[in-house]
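Number of protein chains: 2
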Amino acid sequence: MRATIIHGTRDIRVEDRPDPEIHTPDDAIVRVTAACVCGSDLWPYRGVRSTEKPRAIGHEFVGVVEAVGEGVTTVKVGDLVVAPWAVSCGECPPCRNGVQVACEHRAAWGGADELGFHVDGGQGELVRVPMADGTLVPVPGVSEPDEPLLKSLLTLSDVMGTGHHAAVAAHVGPGRSVVVVGDGAVGLCGVLAAKRLGAERIIAMSRHEDRAEIARKFGATDVVAERGEAAADKVRELLGGVLADSVLECVGTAESMDQALRCTRPGGSLGFVGVPAGGAELPIGVLFSKNISVGGGAASTRAYLPELLDDVLAGAIEPGLVFDSVLPLEEAAEAYAAMDERRAIKVMLLPERAGR
Amino acid sequence: MRATIIHGTRDIRVEDRPDPEIHTPDDAIVRVTAACVCGSDLWPYRGVRSTEKPRAIGHEFVGVVEAVGEGVTTVKVGDLVVAPWAVSCGECPPCRNGVQVACEHRAAWGGADELGFHVDGGQGELVRVPMADGTLVPVPGVSEPDEPLLKSLLTLSDVMGTGHHAAVAAHVGPGRSVVVVGDGAVGLCGVLAAKRLGAERIIAMSRHEDRAEIARKFGATDVVAERGEAAADKVRELLGGVLADSVLECVGTAESMDQALRCTRPGGSLGFVGVPAGGAELPIGVLFSKNISVGGGAASTRAYLPELLDDVLAGAIEPGLVFDSVLPLEEAAEAYAAMDERRAIKVMLLPERAGR
Numbered sequence: 001m002r003a004t005i006i007h008g009t010r011d012i013r014v015e016d017r018p019d020p021e022i023h024t025p026d027d028a029i030v031r032v033t034a035a036c037v038c039g040s041d042l043w044p045y046r047g048v049r050s051t052e053k054p055r056a057i058g059h060e061f062v063g064v065v066e067a068v069g070e071g072v073t074t075v076k077v078g079d080l081v082v083a084p085w086a087v088s089c090g091e092c093p094p095c096r097n098g099v100q101v102a103c104e105h106r107a108a109w110g111g112a113d114e115l116g117f118h119v120d121g122g123q124g125e126l127v128r129v130p131m132a133d134g135t136l137v138p139v140p141g142v143s144e145p146d147e148p149l150l151k152s153l154l155t156l157s158d159v160m161g162t163g164h165h166a167a168v169a170a171h172v173g174p175g176r177s178v179v180v181v182g183d184g185a186v187g188l189c190g191v192l193a194a195k196r197l198g199a200e201r202i203i204a205m206s207r208h209e210d211r212a213e214i215a216r217k218f219g220a221t222d223v224v225a226e227r228g229e230a231a232a233d234k235v236r237e238l239l240g241g242v243l244a245d246s247v248l249e250c251v252g253t254a255e256s257m258d259q260a261l262r263c264t265r266p267g268g269s270l271g272f273v274g275v276p277a278g279g280a281e282l283p284i285g286v287l288f289s290k291n292i293s294v295g296g297g298a299a300s301t302r303a304y305l306p307e308l309l310d311d312v313l314a315g316a317i318e319p320g321l322v323f324d325s326v327l328p329l330e331e332a333a334e335a336y337a338a339m340d341e342r343r344a345i346k347v348m349l350l351p352e353r354a355g356r
Numbered sequence: 001m002r003a004t005i006i007h008g009t010r011d012i013r014v015e016d017r018p019d020p021e022i023h024t025p026d027d028a029i030v031r032v033t034a035a036c037v038c039g040s041d042l043w044p045y046r047g048v049r050s051t052e053k054p055r056a057i058g059h060e061f062v063g064v065v066e067a068v069g070e071g072v073t074t075v076k077v078g079d080l081v082v083a084p085w086a087v088s089c090g091e092c093p094p095c096r097n098g099v100q101v102a103c104e105h106r107a108a109w110g111g112a113d114e115l116g117f118h119v120d121g122g123q124g125e126l127v128r129v130p131m132a133d134g135t136l137v138p139v140p141g142v143s144e145p146d147e148p149l150l151k152s153l154l155t156l157s158d159v160m161g162t163g164h165h166a167a168v169a170a171h172v173g174p175g176r177s178v179v180v181v182g183d184g185a186v187g188l189c190g191v192l193a194a195k196r197l198g199a200e201r202i203i204a205m206s207r208h209e210d211r212a213e214i215a216r217k218f219g220a221t222d223v224v225a226e227r228g229e230a231a232a233d234k235v236r237e238l239l240g241g242v243l244a245d246s247v248l249e250c251v252g253t254a255e256s257m258d259q260a261l262r263c264t265r266p267g268g269s270l271g272f273v274g275v276p277a278g279g280a281e282l283p284i285g286v287l288f289s290k291n292i293s294v295g296g297g298a299a300s301t302r303a304y305l306p307e308l309l310d311d312v313l314a315g316a317i318e319p320g321l322v323f324d325s326v327l328p329l330e331e332a333a334e335a336y337a338a339m340d341e342r343r344a345i346k347v348m349l350l351p352e353r354a355g356r
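So the protein sequences, as listed, match chains A and B.
Going by UniProt numbering, the first sequence opens with residue 1, and the numbers climb by one from there.
Going by UniProt numbering, the second sequence opens with residue 1, and the numbers climb by one from there.
Keep in mind that the hints were calculated from the coordinates and are not lab data.
Keep in mind that the hints are not guaranteed to be accurate.
[What the hints assert, rightly or not] Partial chain B-side listing against chain A, Cβ under 10 angstroms, derived: (1) Thr73; (2) Thr74; (3) Gly90; (4) His165; (5) His208; (6) Ala212; (7) Asp245; (8) Glu281; (9) Gly295; (10) Ala298.
Beta carbons are placed, not taken as given, at the ideal position from N, Cα and C, and that holds for glycine.
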């Protein structure tokens, strides 16, 4: 099969790899219909995280089940499935608590499972999925999604569930005012999640008209281009003299966390999902005196998949609009470059053998 | 009048001061029935915070209204009232959001109000209360409380409301497992608050039998004497292999925050109310990977006073049991020493002229 391998900084190659095989009764083999590149994939791409040796990459994909081990009961051959960004068992206490990211048997795409068997990356033609019952979510009644639906299903792997996690952690709900820091795919999905959860005022922070336009489509009532204290002043002005009830931090830098804190009212809630880059420690004195609660972290998109899938299938939300580029899998390197240079918000990759 | 003045490290004196007078239409004068010493009063006492010049001290008191300005409408002369630990207007956005600690006109007992007028400390015979409508809460139907009731009313100034705030921030509720870090008056009240909110398993951390006994009276099902990872192991053992859903951090040191984080399950909630001493910054990486939410901070006890007062008057809770010592106001210095040396959990001070 063909699979995307990262060899080092800015060195992405699509190469021949052995087709995966069933190793345990809980495994499934999935033929990838569509995959994509995540903002967090850019970290090793940019060398922020070093790549010790070549490894398979990609953790977001939709595909069709091609084979299952004898212990798999919730998906069957031919099912269209969405894979969340992390592999989880579904049975340990964290999984039962809906915190699959802390699964006691968690494995990562492109890494290895507990038994030491290789787990393929998502940006390839085929993927062995360990703990398939705990990990995969079948899409009922759909075998060949059209491109808009495929895009929306693909966001449920990560970005839509992650934006939703930020909104839930920030206690977004009817009547609440919301600020979203970050206009990447996750931030945009955070806007959509806030709208879906009933927020009445949603302020997106963006300086890019293409991203601001999607934010407005997703439900943003206002777009703020300012930064720092000027942005907080603008939020206060828009909200009639007060700061926001709920703020979603969807970047992960010290600057974005500072921006989020500046925009949160006393007693408000900050939901953070940006993978913390260095220097983003939380200033406990500010949280103490302003009574700001902070929650979020790595999103258990597996937990949110069923309810978000229902809304995608019903046409209630169309998170797939975050994809502004589609490329064949063979052009994965260009997909990374386009996202790195911010020429694309998010790129969908289509393996040829998926028959599309 | 007589009032407690801090002159410097370990230098507490009860001295003659001018009786306060009404300065604005929103003022009230309260004759103090009982006051007490707070754990946070020990900070300047121990020199952790420096005392630049002598100042009135004390921020917890119950008393009887002796005079009111013409603009005061919610309390009248003769009313028994509870004063929360901070002065708040009751009308600005933070106050209307129930976050009185962030009141835009907030003043501190022993400090000065917005107009620059002195605000008396709580550990004295008389106190001028600015913004009396926003600050004071009358006790309906009681004019001369007996000592047990007086003690419980006095906890509503600060420690009971603060323990309750920790429990609310930690999302304590029916069926949740709870760990309380800290066995001071706030931690003990946190146990009581957790019980009141329906927690079924409440683990108190204590190495002092007198405090552990109160914790058990307040609803603790278990007491753990271990510290560090050994304490987390003990919690895991008591809870059948998992950590706690809700953890209350009621100390404020780096060690106690670390202890609290170690005891929180993935996806669990940490409520913190210990005033942050240095070094207690929150490790964002742990919060991210374990999905632990953190909330709390300075407690708006004014917001909680009505509901907690109802329960005290109904006899449903008796937080006053945290007082294990009662002294005349004139012996305030001994009260500080007893608490500093942990000879007392919490000391109630009784001014003589209150007629008791």
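Tested hints:
1. Thr73: Hint violated; B/Thr73 Cβ to chain A Cβ min 25 angstroms, cut 10 angstroms.
2. Thr74: Interface hint status for B/Thr74: violated (23 angstroms vs cutoff 10 angstroms).
3. Gly90: Interface hint status for B/Gly90: violated (15 angstroms vs cutoff 10 angstroms).
4. His165: Cβ of B/His165 sits 9 angstroms from chain A, so the hint holds.
5. His208: 26 angstroms, violated
6. Ala212: 28 angstroms, violated
7. Asp245: Holds: closest Cβ of chain A sits about 8 angstroms from B/Asp245, inside 10 angstroms.
8. Glu281: Given a least distance of 5 angstroms, the restraint on B/Glu281 holds.
9. Gly295: 3 angstroms, holds
10. Ala298: 6 angstroms, holds
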